[in-house]
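Undergrad: Per the numbering used here, residue 1196 is the first one in the sequence shown, and the count goes up by one each step.
Don't read these hints as lab results, they were simulated from the structure.
Ideal placement from N, C-alpha and C gives every residue a C-beta, glycine not left out.
Hints are not guaranteed to be accurate.
Calculated cross-link-like contacts (lysine-lysine; reagent style BS3-like; alpha-carbon spacing at most 30 angstroms) [as the list claims (entries may be wrong)]:
hint, residue 1, residue 2
1, 1344, 1280
2, 1299, 1363
3, 1282, 1220
4, 1299, 1328
5, 1263, 1299
6, 1220, 1299
7, 1280, 1313
8, 1263, 1328
9, 1220, 1243
10, 1228, 1280
11, 1363, 1282
Label-pair ranges, simulated between beta-carbon atoms [stated by the list, open to error]:
hint, residue 1, residue 2, range
12, 1229, 1251, 14 to 22 angstroms
13, 1347, 1300, 19 to 27 angstroms
14, 1251, 1298, 35 to 43 angstroms
15, 1321, 1237, 41 to 49 angstroms
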Amino acid sequence: MQKRTAFLLIIAGLAAAAIVPACSKRPSADQIKASMEISDVQTRWVSKLYQPWPPRLILVPVLSFRVKNLTAEPMYYVNFNGIFKEKGAQENAGDNFRAAIRDKPIQPGQASDVIELKSNFGIDGQSVDSIRKNPFWRPWVARLFVQWKGSAPVLLAEYDVSREIDFKEDAPVGQEKKDDKPAEKKEEIKFP
């Protein structure tokens, strides 16, 4: 009797093991792409580090966007990964992983708040002007990946990073602006 019970338990366990993976099937890349729409995409360069003296500035690329839910159910637990690299390069130069949609799901037909992915690596220089003139500041691209419902990372799109720099350096302190006009003679006041 015990052998028969053990055999039935093994069969039931194998049947359950076969059913569970079928119930929790991961969505395909095409299903994920059809479930969401990326909009309001912007790329730019922002300051990662700035120090006026000795002069140093590190700019990093940023990718910002919104996600629209195209499904009939609330969308939550969506992770995004931005991979940043020079255009045509094989190796990644920087990345940023963001567990973007968690507690506040995106309702059907609605769009998320702006999601921003900021690279951890960029270009180093002394000032905005020195970076603009740097021959090693080449065009960059940002690749946007998504993970949802236990899926593997899915490439959604690749964007060229613009050359827009969203940073203003501090004005020099203690230096007066010189006028091109000659100094005017001031009239002396004499007291009796």
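Undergrad: So, for every hint listed, does it hold in this structure?
TA: Checked hints:
no.	hint	verdict
1	1344 - 1280	27 angstroms, holds
2	1299 - 1363	34 angstroms, violated
3	1282 - 1220	36 angstroms, violated
4	1299 - 1328	44 angstroms, violated
5	1263 - 1299	14 angstroms, holds
6	1220 - 1299	24 angstroms, holds
7	1280 - 1313	12 angstroms, holds
8	1263 - 1328	39 angstroms, violated
9	1220 - 1243	41 angstroms, violated
10	1228 - 1280	23 angstroms, holds
11	1363 - 1282	26 angstroms, holds
12	1229 - 1251: 14 to 22 angstroms	46 angstroms, violated
13	1347 - 1300: 19 to 27 angstroms	22 angstroms, holds
14	1251 - 1298: 35 to 43 angstroms	38 angstroms, holds
15	1321 - 1237: 41 to 49 angstroms	27 angstroms, violated
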